[in-house]
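Next come the chains, spelled out residue by residue.
Number of protein chains: 2
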Amino acid sequence: MAIGEFDLIATYFTHRYPQRDDVDIGVGDDGAVLKIPPNSELVVVTDTMVEGVHFDQQTPARAIGHKIVAVNLSDLAAMGAEPAWISLALTLPTVDHDWLTGFTHGLREICDYYQCQLVGGDTTRGPLTITVTAHGLVPTGKALRRNGAKPGDWIYVSGTLGDAGLALAASQQQHKLSPDYQRRLNERLFFPSPRVALGQSLRGIASSAIDVSDGLLADLGHILSASQVGARIDVDELPLSLALTESLSETDAYKYALTSGDDYELLFTVPEAQRGLFDTVIAHAAHKPVCIGRVTNEVEVVQLLYAGEPWSMPTDVALGFDHFKKPTSETEPEL
Amino acid sequence: MAIGEFDLIATYFTHRYPQRDDVDIGVGDDGAVLKIPPNSELVVVTDTMVEGVHFDQQTPARAIGHKIVAVNLSDLAAMGAEPAWISLALTLPTVDHDWLTGFTHGLREICDYYQCQLVGGDTTRGPLTITVTAHGLVPTGKALRRNGAKPGDWIYVSGTLGDAGLALAASQQQHKLSPDYQRRLNERLFFPSPRVALGQSLRGIASSAIDVSDGLLADLGHILSASQVGARIDVDELPLSLALTESLSETDAYKYALTSGDDYELLFTVPEAQRGLFDTVIAHAAHKPVCIGRVTNEVEVVQLLYAGEPWSMPTDVALGFDHFKKPTSETEPEL
Numbered sequence: 001m002a003i004g005e006f007d008l009i010a011t012y013f014t015h016r017y018p019q020r021d022d023v024d025i026g027v028g029d030d031g032a033v034l035k036i037p038p039n040s041e042l043v044v045v046t047d048t049m050v051e052g053v054h055f056d057q058q059t060p061a062r063a064i065g066h067k068i069v070a071v072n073l074s075d076l077a078a079m080g081a082e083p084a085w086i087s088l089a090l091t092l093p094t095v096d097h098d099w100l101t102g103f104t105h106g107l108r109e110i111c112d113y114y115q116c117q118l119v120g121g122d123t124t125r126g127p128l129t130i131t132v133t134a135h136g137l138v139p140t141g142k143a144l145r146r147n148g149a150k151p152g153d154w155i156y157v158s159g160t161l162g163d164a165g166l167a168l169a170a171s172q173q174q175h176k177l178s179p180d181y182q183r184r185l186n187e188r189l190f191f192p193s194p195r196v197a198l199g200q201s202l203r204g205i206a207s208s209a210i211d212v213s214d215g216l217l218a219d220l221g222h223i224l225s226a227s228q229v230g231a232r233i234d235v236d237e238l239p240l241s242l243a244l245t246e247s248l249s250e251t252d253a254y255k256y257a258l259t260s261g262d263d264y265e266l267l268f269t270v271p272e273a274q275r276g277l278f279d280t281v282i283a284h285a286a287h288k289p290v291c292i293g294r295v296t297n298e299v300e301v302v303q304l305l306y307a308g309e310p311w312s313m314p315t316d317v318a319l320g321f322d323h324f325k326k327p328t329s330e331t332e333p334e335l
Numbered sequence: 001m002a003i004g005e006f007d008l009i010a011t012y013f014t015h016r017y018p019q020r021d022d023v024d025i026g027v028g029d030d031g032a033v034l035k036i037p038p039n040s041e042l043v044v045v046t047d048t049m050v051e052g053v054h055f056d057q058q059t060p061a062r063a064i065g066h067k068i069v070a071v072n073l074s075d076l077a078a079m080g081a082e083p084a085w086i087s088l089a090l091t092l093p094t095v096d097h098d099w100l101t102g103f104t105h106g107l108r109e110i111c112d113y114y115q116c117q118l119v120g121g122d123t124t125r126g127p128l129t130i131t132v133t134a135h136g137l138v139p140t141g142k143a144l145r146r147n148g149a150k151p152g153d154w155i156y157v158s159g160t161l162g163d164a165g166l167a168l169a170a171s172q173q174q175h176k177l178s179p180d181y182q183r184r185l186n187e188r189l190f191f192p193s194p195r196v197a198l199g200q201s202l203r204g205i206a207s208s209a210i211d212v213s214d215g216l217l218a219d220l221g222h223i224l225s226a227s228q229v230g231a232r233i234d235v236d237e238l239p240l241s242l243a244l245t246e247s248l249s250e251t252d253a254y255k256y257a258l259t260s261g262d263d264y265e266l267l268f269t270v271p272e273a274q275r276g277l278f279d280t281v282i283a284h285a286a287h288k289p290v291c292i293g294r295v296t297n298e299v300e301v302v303q304l305l306y307a308g309e310p311w312s313m314p315t316d317v318a319l320g321f322d323h324f325k326k327p328t329s330e331t332e333p334e335l
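Top line first, the protein sequences correspond to chains A and B. Mapping of the first sequence onto the working numbering: position 244 corresponds to residue 244, and the numbering continues sequentially without gaps. Mapping of the second sequence onto the working numbering: position 195 corresponds to residue 195, and the numbering continues sequentially without gaps.
With the rest of the complex left out, here is chain A (with noise of 0.2 angstroms):
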């Protein structure tokens, strides 16, 4: 069915989403036109997904539309900042009104429980690829940064690492997952949780924060070299879901949780003087962030431990995800 640009965005893109009061202009002129809250700093973020890089046709609309959203508020979480408004490029080959539907469904599920409303956007033709700029609130000054570690602060993490690189692994029969533990692992994989609410926490007390999407390692790394700081790493800390530790060798459960990408927690150090802060704030979160190390003075060296001992990696191991340099997968070629 061949439908118009301004019917597509008619359709999907106009209604049931959730209306804010900042919101002057919304979907339906040139630009949107939106009011920031004295004392406050505007946040953006921007990520796109390429179909047969980033998801496959195997993956659900409704989970592309879930997760295009999700790593940008990861970004907007890992910076501090109060999810508002996304804007949404979509390039499509076909107007296919199935995908569209289970899209939109993902897509609005996740803007309605974070109340970030879809003010504007583009609709193309050609390869399906989705672009979201993510707009967000923080008070002035209290945006978190990667360059603020000081040797001697807290490494924390706010969830298990490794899932979502093994769905990824299983789905490309890497390795072999009981059907409990396959449904898991794609949850984590396909519907990210942004972690909005510990990031807002998280301002004045954490000294550097990331969201660890391309890797613990890879991610870890940024944080030291824009803070010129070193961290230990202890790897008997680093929290882990059973799914995980009972599909592998403890040996190849730590490199997932290292090296693969796409889990979505942040990644933060914690001042020593700001610890009993950090306590009271997180005594009742649902989910616990868990110390994993401790920031040091050798500048970019990340030492890892195991019950206290030097521990190595083993050397077949990719770290982190780089679209232009090393290949995780077969569909990411070497350019």
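Keep in mind the hints are simulated off the structure, nothing from the lab. We put the beta carbon where it would ideally sit given N, CA and C, even for glycine. Careful: at least some of the hints might be erroneous.
Unchecked claim - Pair ranges (Cβ atoms, derived):
(1) B/Q228 x A/D180: 56 to 62 angstroms
(2) A/R20 x B/K150: 48 to 54 angstroms
(3) B/T101 x A/A197: 42 to 48 angstroms
(4) A/T94 x B/T14: 35 to 41 angstroms
(5) B/A286 x A/F191: 41 to 47 angstroms
To be verified - The list that follows gives simulated cross-link-like pairs (lysine to any residue, SDA-like), each with its CA atoms no further than 20 angstroms apart:
(6) A/K35 x B/P38
(7) B/K176 x B/T245
(8) B/K35 x A/K150
(9) A/K35 x B/L137
(10) A/K35 x B/S40
(11) B/K255 x B/K142
(12) B/K35 x A/K255
(13) B/K35 x A/G204
(14) B/K35 x A/Q200
(15) B/K142 x A/D21
(16) B/K255 x B/G308
(17) B/K150 x B/C291
(18) B/K35 x B/L168
(19) B/K176 x B/F190
(20) A/K35 x B/T140
(21) A/K35 x B/K142
(22) A/K142 x B/G28
(23) A/K142 x B/G26
(24) B/K288 x B/P239
(25) B/K142 x A/V23
(26) A/K35 x B/K150
(27) A/K255 x A/E309
(28) A/K150 x B/G28
(29) A/K142 x A/F278
Unchecked claim - Footprint (simulated), chain B over chain A, 3 or more residues, beta carbon under 8 angstroms:
(30) 36-48
(31) 75-85
Go by the hints and put chain B onto chain A.
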């Protein structure tokens, strides 16, 4: 040559862009952190360009870099906003240094000219697709909208129409142009000038505004629909370039001026009561807007006149560009 995503960003997207004082955190963290001045609203626009749809392999990379920013700034101009920051989502099939050098050259030139800072984005691998989200500022309540046109308002356009459409048609061998005209018209197609200063000067004067991206009649239609009014257009008042009038029959010239897109002129309405102020404001403008008709009370009806008499457009005409309905070239088949 294989380089990593982070090297790519460092090489092409970090240095030598305009640096604004209102950027608290720019490229290199999870998100950008931006200061909004008091009594201002944020305006957000998004546009995507896809290889094979919006440009082809012959299009100079520098033109693509210019145009993806220009079309976004044109949307900001149509809202009366002042450009401030852009985010870039760039999906590349390969890392082609010549292409990237040309692309960033075009991107940087226009960003420099408008003092617009690149504050973030995402680079991914996949079919060549470029999305820019541009952010502008407008005094609170002063944004130009589509829905304020009233019967009796005068209709203006900011410059010549049909030029980009003719350049495209000629490149597809539908018309033969002299080399000089082809060069001049290509300049309009490849390096459109967003009417940024004019858009800002229309705040408080124009009752509605839009930019001509899909074609005059199509974009006028958006104003008429949003404002629930009609229009009378004097086709013999349409501003036409010498390159257009010398290359086409009179009828074909009007056809291009009325229906072809990509000119990025502003189309706007001015109430009779604001006309004196408007004339004062544009008295010293380099390019003077031209009055081409008047708003009527016949909802969504467009009356075309020539020398005051009803005029009909040739029937072989497609009205404006719609990615998902009306094919305007071989690269845009119907879905």
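The hints, checked one at a time:
1. B/Q228 x A/D180: 56 to 62 angstroms: Given range 56 to 62 angstroms: holds, Cβ gap about 57 angstroms.
2. A/R20 x B/K150: 48 to 54 angstroms: Since A/R20 and B/K150 have Cβ atoms about 29 angstroms apart, the given range 48 to 54 angstroms is violated.
3. B/T101 x A/A197: 42 to 48 angstroms: 44 angstroms, holds
4. A/T94 x B/T14: 35 to 41 angstroms: 37 angstroms, holds
5. B/A286 x A/F191: 41 to 47 angstroms: 54 angstroms, violated
6. A/K35 x B/P38: Within the cut-off at roughly 10 angstroms; holds.
7. B/K176 x B/T245: Since the Cα atoms of B/K176 and B/T245 sit roughly 13 angstroms apart, the hinted pair holds (cutoff 20 angstroms).
8. B/K35 x A/K150: 27 angstroms, violated
9. A/K35 x B/L137: With a Cα-Cα distance of about 10 angstroms, the restraint between A/K35 and B/L137 holds, given a limit of 20 angstroms.
10. A/K35 x B/S40: 8 angstroms, holds
11. B/K255 x B/K142: 34 angstroms, violated
12. B/K35 x A/K255: 41 angstroms, violated
13. B/K35 x A/G204: 19 angstroms, holds
14. B/K35 x A/Q200: It holds: about 19 angstroms lies between the C-alpha atoms, which stays within 20 angstroms.
15. B/K142 x A/D21: Judged against 20 angstroms, a Cα distance of about 18 angstroms means the pair holds.
16. B/K255 x B/G308: 18 angstroms, holds
17. B/K150 x B/C291: 16 angstroms, holds
18. B/K35 x B/L168: 40 angstroms, violated
19. B/K176 x B/F190: 18 angstroms, holds
20. A/K35 x B/T140: 8 angstroms, holds
21. A/K35 x B/K142: 12 angstroms, holds
22. A/K142 x B/G28: Holds, at about 17 angstroms.
23. A/K142 x B/G26: 15 angstroms, holds
24. B/K288 x B/P239: Roughly 10 angstroms between the alpha carbons, so the hint for B/K288 and B/P239 holds.
25. B/K142 x A/V23: It holds: about 14 angstroms lies between the C-alpha atoms, which stays within 20 angstroms.
26. A/K35 x B/K150: 27 angstroms, violated
27. A/K255 x A/E309: Since the Cα atoms of A/K255 and A/E309 sit roughly 17 angstroms apart, the hinted pair holds (cutoff 20 angstroms).
28. A/K150 x B/G28: Roughly 19 angstroms between the alpha carbons, so the hint for A/K150 and B/G28 holds.
29. A/K142 x A/F278: Judged against 20 angstroms, a Cα distance of about 16 angstroms means the pair holds.
30. 36-48: Satisfied; 11 residues make the cut.
31. 75-85: holds (count 6)
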